[in-house]
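Student: Chains as they are written, first to last, in this note's numbering: chain A, 1 to 475; chain B, 1001 to 1475.
Hints are computed from structural coordinates only; laboratory data are not their basis.
Hints may contain errors.
[Unchecked claim] Pairs of lysine-lysine residues, derived as DSBU-like cross-links and limited to a Cα-Cα distance of at most 35 angstroms, are as follows:
1) LYS145/A with LYS1145/B
2) LYS112/A with LYS1161/B
3) LYS161/A with LYS1431/B
4) LYS112/A with LYS1170/B
5) LYS1105/B with LYS145/A
6) LYS1180/B with LYS122/A
7) LYS1153/B with LYS344/A
8) LYS203/A with LYS1203/B
9) LYS1105/B with LYS344/A
[As the list claims (entries may be wrong)] For the chain A half of the interface with chain B, some residues (derived, Cβ under 8 angstroms), not all of them:
10) GLU130
11) TRP224
12) ALA352
13) THR354
[To be verified] Footprint (simulated), chain A over chain B, 3 or more residues, beta carbon under 8 angstroms:
14) 1140 to 1147
15) 1321 to 1333
As the structure is a prediction and not an experimental result, all values here were calculated from the model.
Backbone N, C-alpha and C define an ideal beta-carbon position, used for all residues, glycine too.
Number of protein chains: 2
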Amino acid sequence: MVEALSSPRLLSRHGIRLGRAVKSLNSQRDEFGEGESAVNRVRELVKLCSDWIKGGLSGQELIEELEEECGKLGLSEEFARRLLGLMLDEEERLRGGRPAPSGLKLREFASKVQELQRMGEKVMRLELGEPDFSAPPSVVEAACKALREGYSKYGPATGIKELRQAVASKLSERFGLDLKPENVVITAGGTFAVYGSIEAVTKPGDEVVVIEPAWPLYAHQARWLGRRVLTIRTRFEEDWDPVEMLQEKVSKLTKLIILNYPNNPTGKILDRGSLKAILELAEDAGAWVLGDEVYMDFCYKDGFASVLELPAERKIMVNSFSKTWGMTGFRVGYIVSDPEVAMKVARAQNTAMTCIPEFVQRAALAALSDEESARRNIELIGERLKILYEELSRSKLIEVKPPEGAMYIFPRIKVDGFDSWRFAWTLLEKKRVSIAPGACFGEDYNSYLRISAVLDGEPLREACRRIREAIEEYS
Amino acid sequence: MVEALSSPRLLSRHGIRLGRAVKSLNSQRDEFGEGESAVNRVRELVKLCSDWIKGGLSGQELIEELEEECGKLGLSEEFARRLLGLMLDEEERLRGGRPAPSGLKLREFASKVQELQRMGEKVMRLELGEPDFSAPPSVVEAACKALREGYSKYGPATGIKELRQAVASKLSERFGLDLKPENVVITAGGTFAVYGSIEAVTKPGDEVVVIEPAWPLYAHQARWLGRRVLTIRTRFEEDWDPVEMLQEKVSKLTKLIILNYPNNPTGKILDRGSLKAILELAEDAGAWVLGDEVYMDFCYKDGFASVLELPAERKIMVNSFSKTWGMTGFRVGYIVSDPEVAMKVARAQNTAMTCIPEFVQRAALAALSDEESARRNIELIGERLKILYEELSRSKLIEVKPPEGAMYIFPRIKVDGFDSWRFAWTLLEKKRVSIAPGACFGEDYNSYLRISAVLDGEPLREACRRIREAIEEYS
Chain A
1 MVEALSSPRL LSRHGIRLGR AVKSLNSQRD EFGEGESAVN RVRELVKLCS
51 DWIKGGLSGQ ELIEELEEEC GKLGLSEEFA RRLLGLMLDE EERLRGGRPA
101 PSGLKLREFA SKVQELQRMG EKVMRLELGE PDFSAPPSVV EAACKALREG
151 YSKYGPATGI KELRQAVASK LSERFGLDLK PENVVITAGG TFAVYGSIEA
201 VTKPGDEVVV IEPAWPLYAH QARWLGRRVL TIRTRFEEDW DPVEMLQEKV
251 SKLTKLIILN YPNNPTGKIL DRGSLKAILE LAEDAGAWVL GDEVYMDFCY
301 KDGFASVLEL PAERKIMVNS FSKTWGMTGF RVGYIVSDPE VAMKVARAQN
351 TAMTCIPEFV QRAALAALSD EESARRNIEL IGERLKILYE ELSRSKLIEV
401 KPPEGAMYIF PRIKVDGFDS WRFAWTLLEK KRVSIAPGAC FGEDYNSYLR
451 ISAVLDGEPL REACRRIREA IEEYS
Chain B
1001 MVEALSSPRL LSRHGIRLGR AVKSLNSQRD EFGEGESAVN RVRELVKLCS
1051 DWIKGGLSGQ ELIEELEEEC GKLGLSEEFA RRLLGLMLDE EERLRGGRPA
1101 PSGLKLREFA SKVQELQRMG EKVMRLELGE PDFSAPPSVV EAACKALREG
1151 YSKYGPATGI KELRQAVASK LSERFGLDLK PENVVITAGG TFAVYGSIEA
1201 VTKPGDEVVV IEPAWPLYAH QARWLGRRVL TIRTRFEEDW DPVEMLQEKV
1251 SKLTKLIILN YPNNPTGKIL DRGSLKAILE LAEDAGAWVL GDEVYMDFCY
1301 KDGFASVLEL PAERKIMVNS FSKTWGMTGF RVGYIVSDPE VAMKVARAQN
1351 TAMTCIPEFV QRAALAALSD EESARRNIEL IGERLKILYE ELSRSKLIEV
1401 KPPEGAMYIF PRIKVDGFDS WRFAWTLLEK KRVSIAPGAC FGEDYNSYLR
1451 ISAVLDGEPL REACRRIREA IEEYS
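Please model the complete structure; the sequences and the hints are all you need to start from.
Tutor: Next comes the structure, spelled out in structure tokens:
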């Protein structure tokens, strides 16, 4: 073994440190006893991992055993969990790796659309989750005022107390709760709200459940952070209901279930009974529930319940100012949870970016009291969703449900071998309409399209006419 | 083993899934052959890890062997590296874990100071790395203009092209380079610039070298992201020079070396020759170098060289608008590297927060052309550093070097058993002056203080008088 380290390759790369290396390895050999060098142990260990990984794992059933064994040997539960996660990852890699996340290509597609626009082409843009209305003047002026008053210094990683208080009061009033500023952390948009929440309540190797069709960033963030993703694939035929599949798939390995209702892209609203069932299931499994409720205000059917309204110990609500007030580029949102989790999210935010601008938070404070703008925006989206439903229903090749909430419609195209990406490019090229391919939201949804309610009535009808035409011409 | 899973505890928690679990374990047993169940393999593996970890690892020498063995067995190098990282972490935990990061307590301390101020107490605040000057009117007005013009939509995760171009041009001119917008990514302050860079060029389990005394967030971010931290402890007696120690400690396991010159807290400027030596060392080891140059403009001695100026393949420069223009609360900075790394940092930013506000970026654009404000701020800090040096030199109990750059002075207190945290609290209580304890910047610096040059002349002299007094009274 010492000989191996003296190989020419190693000598040339690490010649300078060889003396120390040999000394250290020899002293390790002593510790392990004759013939039991550390390197031999590495060999053994790696062989075992390889056999095990290639044999196929069943993580769900093994984690408890693994923790117990680790406990007996004085190793931490975290070590057990991370080791298991590492092996599951490697197994996945050996089986050919993860499917490419086509959802992340949507921004690329959108840039191509912008390019066309810059070249003078008129494109009807319905591909992004960004309202066409901008932040109301009340919000813009509040930001300017705060800037001029010098609110541009470092602030707390939790966000400013005034805004946390205002969020707590508003939600308490709406849902009959008694939330405190300590329950709220202001985040860099809904995006960091989810990212920070994943960091706060899970560890690398933990399992995060994502319900598809889904915003692509849930799975992407979880994997980015070294968590494993378990996908639940809801179906059009079952009215996108996830409850039964969750009951089947949630296990002791599950640490977090991400819900998103009203849903992007389907517009589904989960009723109170189903939400209750999921929260109970999660409690049973010891898992957290994250309710991404950024479309909370966009409900066009009764029955929506927030995770905040139902009893459960482990829950986080995520929200954003982006959609209701057209403040996408302000990057301001929040999480609501118990004070301990809130503090963990704040710590994650502090670690990644110190804090978020106070003048942005003061703009958000102004938004909260501008209920008129919110109401107008919500009505506007509602009217457009109706138009989308009406117009798309006219084609026999399109199957569509009346949207219940959010700002999207998610029709299924009844054309054999339909490919949503191919269609999106053709539609853009031939009809100058851009939509989001269903494949962005999960592998199973390649015969769907997501169309955003971000154009006014007449142009929206025109865009729908072109979509219908393009589907008829598609082959 | 099947019996173990039928224990009452498990039955009650997972009764519903027991049937499936048993079935799955039995089928695994078949795959591994008689008596070779997956669970037995887990037991073996864990036992081996435990022995190995408790025997003490020498990761530096083992990684190559481990990769080779993994390669032979069809396991990836990443698996080898992550497994080693996991074991090194567990070993550290068994030895009593990481020292508590006292640097992160500084913000807590600062909040206490604010509380005192709110209660009407006058405190001379020198504890934070935040200039007392605010963003110049040119910057504030540019932000307001952009807000009113509707620059408040989603933007690219890289930052807007105009600002990337402006940064590239400015640095190209200053250092005689030919940088393109593709080399630049606009980030949420210097904080995310470092966080995103760590994510871009290292993986969990990789070693990141931090040179102490250091901004506490380097080590914290690296550990937060599952990287391991190797600390280099530079010494007052050696003029804070890190080169020799780096030559000793950098190994094949090292994936990133973080440099910060002009330095926070010592104010040291690394000369061109030393920087060159470090870059060569890093190239040899295949490691990246991150030059955090947020104090680049605050140089009061010749000799500073940017990592951008010297040839090396693997380098990232980090900068921020926070210090030069007093824009701490705007949260805007940038990284400069090769286009591939730049894209990775942008991806990290996209994952965590989608993008940063465009109106903030347009304010940064205005800052870049407001050279007068920058010059005034830099001169101001320079004058104050001189005052700090003069005033602190008067005490025989204080050892101090003339500050070369940045906006801090880092005196050593020659009092036996000096405790920087205890002193900081006493100073605040008795003299109403707040400073940052040396312990915030590394374990070895408990007899040091960091004093920020963020007060004007006369008050600054008064604060120094009080610090001298408090040191004389300290026992």
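Student: With reference to the structure, classify each hint as holding or not holding.
Tutor: Hint-by-hint comparison with the structure:
1. LYS145/A with LYS1145/B: 12 angstroms, holds
2. LYS112/A with LYS1161/B: 15 angstroms, holds
3. LYS161/A with LYS1431/B: Measuring from Cα to Cα gives roughly 29 angstroms; hence the hint holds.
4. LYS112/A with LYS1170/B: The given pair, whose Cα atoms are some 29 angstroms apart, holds under the 35 angstroms limit.
5. LYS1105/B with LYS145/A: 32 angstroms, holds
6. LYS1180/B with LYS122/A: At roughly 30 angstroms apart (the allowed maximum being 35 angstroms), LYS122/A and LYS1180/B satisfy the hint.
7. LYS1153/B with LYS344/A: Distance ~29 angstroms between LYS1153/B and LYS344/A Cα, so the pair holds.
8. LYS203/A with LYS1203/B: 16 angstroms, holds
9. LYS1105/B with LYS344/A: Holds: LYS1105/B and LYS344/A sit about 15 angstroms apart, inside 35 angstroms.
10. GLU130: 6 angstroms, holds
11. TRP224: Hint on TRP224/A: holds, closest Cβ of chain B at ~5 angstroms, below 8 angstroms.
12. ALA352: It holds, given that the least Cβ distance between ALA352/A and chain B is near 5 angstroms, below 8 angstroms.
13. THR354: Holds, because the Cβ-Cβ distance from THR354/A to chain B comes to roughly 4 angstroms (cut-off 8 angstroms).
14. 1140 to 1147: With 4 residues close enough to chain A, the hint holds.
15. 1321 to 1333: holds (count 5)
In summary, the structure agrees with every hint in the numbered list given earlier.
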